[in-house]
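Novice: One letter stands for each residue in the lines below.
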Amino acid sequence: MPPEAAATAEAPAKASSTAIEVSDLEAFYGESHVLHGMSFAMEPGEVVTLLGRNGAGKSTALKALMGITPPQRRGSVKLLGEETIHLPSHRIAQMGLGYVPEERGIYASLTAEENLMLPPKVQEGGLSVEEIYKLFPNLRERAQSQGTKLSGGEQQMLAIGRILRTGAHTLLMDEPTEGLAPVIVQQIGNVIRQLKTQGYTILLVEQNFHFASTVADRHYIVEDGRVVDLIPNDQLDANMEKLKDYLAV
Amino acid sequence: MLFDLLGVPPQALFAQLLLGLINGSFYALLSLGLALIFGMLNIINFAHGALYMMGAFVAWMMLHYLGIPFWPALILSPIIVAAFGMVLERTMLARLYHLDHLYGLLLTFGLALLIEGLFRQLYGVSGRVYPTPDILRGGQNLGFMFLPNYRAFVVVAALVVCFGVWYFIERTRIGSYLRAGTENPELLQAFGVNVPRMITLTYGLGVALAAFTGVLAAPIYQVHPLMGFHIIIIVFAVVVVGGLGSMLGAIVTGLMLGVVEGFTRLFYPEASATVIFIIMAIVLLLRPQGLFGRR
Numbered sequence: 001m002p003p004e005a006a007a008t009a010e011a012p013a014k015a016s017s018t019a020i021e022v023s024d025l026e027a028f029y030g031e032s033h034v035l036h037g038m039s040f041a042m043e044p045g046e047v048v049t050l051l052g053r054n055g056a057g058k059s060t061a062l063k064a065l066m067g068i069t070p071p072q073r074r075g076s077v078k079l080l081g082e083e084t085i086h087l088p089s090h091r092i093a094q095m096g097l098g099y100v101p102e103e104r105g106i107y108a109s110l111t112a113e114e115n116l117m118l119p120p121k122v123q124e125g126g127l128s129v130e131e132i133y134k135l136f137p138n139l140r141e142r143a144q145s146q147g148t149k150l151s152g153g154e155q156q157m158l159a160i161g162r163i164l165r166t167g168a169h170t171l172l173m174d175e176p177t178e179g180l181a182p183v184i185v186q187q188i189g190n191v192i193r194q195l196k197t198q199g200y201t202i203l204l205v206e207q208n209f210h211f212a213s214t215v216a217d218r219h220y221i222v223e224d225g226r227v228v229d230l231i232p233n234d235q236l237d238a239n240m241e242k243l244k245d246y247l248a249v
Numbered sequence: 250m251l252f253d254l255l256g257v258p259p260q261a262l263f264a265q266l267l268l269g270l271i272n273g274s275f276y277a278l279l280s281l282g283l284a285l286i287f288g289m290l291n292i293i294n295f296a297h298g299a300l301y302m303m304g305a306f307v308a309w310m311m312l313h314y315l316g317i318p319f320w321p322a323l324i325l326s327p328i329i330v331a332a333f334g335m336v337l338e339r340t341m342l343a344r345l346y347h348l349d350h351l352y353g354l355l356l357t358f359g360l361a362l363l364i365e366g367l368f369r370q371l372y373g374v375s376g377r378v379y380p381t382p383d384i385l386r387g388g389q390n391l392g393f394m395f396l397p398n399y400r401a402f403v404v405v406a407a408l409v410v411c412f413g414v415w416y417f418i419e420r421t422r423i424g425s426y427l428r429a430g431t432e433n434p435e436l437l438q439a440f441g442v443n444v445p446r447m448i449t450l451t452y453g454l455g456v457a458l459a460a461f462t463g464v465l466a467a468p469i470y471q472v473h474p475l476m477g478f479h480i481i482i483i484v485f486a487v488v489v490v491g492g493l494g495s496m497l498g499a500i501v502t503g504l505m506l507g508v509v510e511g512f513t514r515l516f517y518p519e520a521s522a523t524v525i526f527i528i529m530a531i532v533l534l535l536r537p538q539g540l541f542g543r544r
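Each protein sequence line maps, in turn, to chains B and H.
Under my numbering, think of the first position of the first sequence as 1, with each following residue one higher.
Under my numbering, think of the first position of the second sequence as 250, with each following residue one higher.
For the record, the hints were derived by calculation from the structure and aren't laboratory data.
Please note that a few of the clues may not be correct.
[As the list claims (entries may be wrong)] Estimated spans, in silico, between C-beta atoms of each pair:
(1) L351(H) to T197(B): 28 to 36 Å
(2) D24(B) to N433(H): 27 to 35 Å
(3) W415(H) to M240(B): 31 to 39 Å
(4) W415(H) to H210(B): 35 to 43 Å
(5) K121(B) to H347(H): 26 to 34 Å
(6) F526(H) to D24(B): 55 to 63 Å
(7) L315(H) to Q146(B): 23 to 31 Å
(8) K121(B) to H479(H): 45 to 53 Å
(9) A108(B) to L348(H): 23 to 31 Å
(10) H86(B) to A520(H): 57 to 65 Å
(11) Q123(B) to W415(H): 29 to 37 Å
(12) F526(H) to T148(B): 55 to 63 Å
(13) Y470(H) to Q123(B): 49 to 57 Å
A virtual CB, placed ideally from N, CA and C, is assigned to each residue, including glycine.
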């Protein structure tokens with residue numbers, strides 16, 4: 001039995017309570033085959049990371065979960081027990097999946113505030129604009145600036161803030177700390193921990209496993225488009241040698 | 250006097266200015282629709298001229314067969330032609346978005362030939378007269394020139410619609426979807442916006458603008474199966490000069506080039522048919538992204 005199957009087997013038997021259940025996910029960009037039967041699962045309220053080297057398929061996995069094309073995808077992705085593999089991405093988003101993309105995806109043709117207001121509400125219970133500004137005070141001052149004129153850290157806050165407005169309760173975040181100053185990384189870490197206490201389910205793609213270890217419950221190791229290992233956060237120290245081996249370039 | 254220096258009577262000058270503004274209004278409305286469609290669909294809509302012609306013809310048919318006058322036709326004809334356009338988009342254009350621009354251009358060029366050929370088959374090549382609506386007959390004597398009411402109305406209506414569309418895109422929430430969809434449609438869809446439906450509606454809006462222009466043009470030019478074929482070439486030059494993808498650029502450039510064309514007719518008539526293309530060549534050499542292009 002592959003290790004990821006062992007991991008999912010530990011999950012409670014009630015299938016519909018699983019926040020995300022990915023089985024045998026394959027993804028293709030044209031001819032190039034990026035995900036080779038990826039499988040993993042997450043419970044509601046968990047923060048889980050996908051760790052792995054560059055090009056292992058972590059970002060592609062998030063895009064495939066989100067239903068963004070390309071890549072073309074095959075296999076099974078269940079959200080709260082409901083199959084989404086054949087749905088277009090707007091339907092998947094409407095099921096309560098929120099996406100914080102790689103490189104933040106801030107729109108240059110929109111102001112910061114328009115960026116914040118852009119994603120439509122998908123569920124009740126999202127943060128109000130006021131609450132988002134309380135979480136990220138910088139954004140209030142920059143509301144009328146062109147989105148891409150914001151600093152990298154502000155853009156990342158905007159990318160996270162705009163998805164919290166929608167009521168999405170399961171968040172996919174693609175390298176939210178990439179290229180940011182340590183103080184900003186710390187602030188984003190605080191926000192993620194705060195969201196966890198509020199019951200958000202968060203799947204995080206990270207290169208920075210030190211950051212990952214400060215926010216996540218578990219870490220899936222991704223290699224060549226598959227999940228090859230699972231390391232619970234409290235056993236990270238014991239597995240440090242193995243982890244360095246996985247992540248070494 | 251300035252007019253004596255230029256060697257032209259003021260009446261002629263203002264007459265050409267008005268004609269330039271009229272043509273410029275049509276260029277602005279048509280290139281705005283083209284820019285809108287190109288932004289969302291990534292397709293250069295060569296059928297735009299044919300759809301403009303259809304707008305004029307549907308208005309003429311409404312009057313001729315059903316007795317529906319100008320004002321209802323000004324609203325109904327764009328709706329009908331837009332519905333036709335959205336069927337084209339769903340059944341044909343939607344299959345091309347992932348391909349090179351060239352495929353969309355070829356398909357819409359083929360569609361333009363088909364539509365224009367069909368109308369030529371049905372109505373021949375002689376134009377049909379569309380009467381000026383009663384309320385806008387006659388004109389104002391401004392002292393320095395005679396201003397026909399209908400022509401003044403066309404310029405005002407075009408400006409109002411252009412500004413309305415610009416405001417809708419730049420200042421409203423749905424407009425922010427449009428801008429975002431032009432910039433990064435995959436991400437917009439991943440936020441839960443039904444982008445394919447939005448694309449269809451955008452095409453519908455662009456086509457409605459073309460048909461609206463056609464109805465406006467009907468009382469000025471004759472309603473003619475090839476009326477769109479003549480104007481679309483100029484409109485493409487306008488779009489190149491303004492820069493594809495810029496709404497404001499399309500509006501301003503359309504009006505500006507209409508006026509330039511009018512004045513050229515006055516001062517050097519031999520060049521009036523080519524002046525826009527000369528400007529296009531110069532812009533392409535010096536500023537390939539167009540006057541208002543961002544890239």
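Novice: Could you run down the list of hints and mark each one as holding or not?
Specialist: Verification of the hints:
Distance hint check: the CB atoms of L351(H) and T197(B) are about 54 Å apart, inconsistent with the given range 28 to 36 Å. Checked against the given bound of 27 to 35 Å, the beta carbons of D24(B) and N433(H), roughly 30 Å apart, stay inside it. Checked against the given bound of 31 to 39 Å, the beta carbons of W415(H) and M240(B), roughly 59 Å apart, lie outside it. Evaluation of the 35 to 43 Å hint for W415(H) and H210(B) yields a failure: the beta carbon distance comes to about 49 Å.
Restraint check, K121(B) to H347(H): a C-beta distance of roughly 30 Å satisfies the suggested window 26 to 34 Å. For the hinted restraint 55 to 63 Å between F526(H) and D24(B), the CB-CB distance of approximately 58 Å keeps it satisfied. Between L315(H) and Q146(B) the Cβ separation comes to about 50 Å, which falls outside the hinted range of 23 to 31 Å. Checking the proposed 45 to 53 Å range against K121(B) and H479(H) shows it holds: the Cβ atoms sit about 48 Å from each other.
Separated by about 25 Å at the C-beta atoms, A108(B) and L348(H) satisfy the suggested range of 23 to 31 Å. A hinted range of 57 to 65 Å holds for the C-beta pair H86(B) and A520(H), which are about 59 Å apart. The given range of 29 to 37 Å is respected by Q123(B) and W415(H), whose C-beta atoms sit roughly 34 Å from each other. At roughly 36 Å, the beta-carbon separation of F526(H) and T148(B) lies outside the given 55 to 63 Å, and the hint is violated.
In this structure the hint that Y470(H) and Q123(B) lie 49 to 57 Å apart at CB holds, the actual value being about 54 Å.
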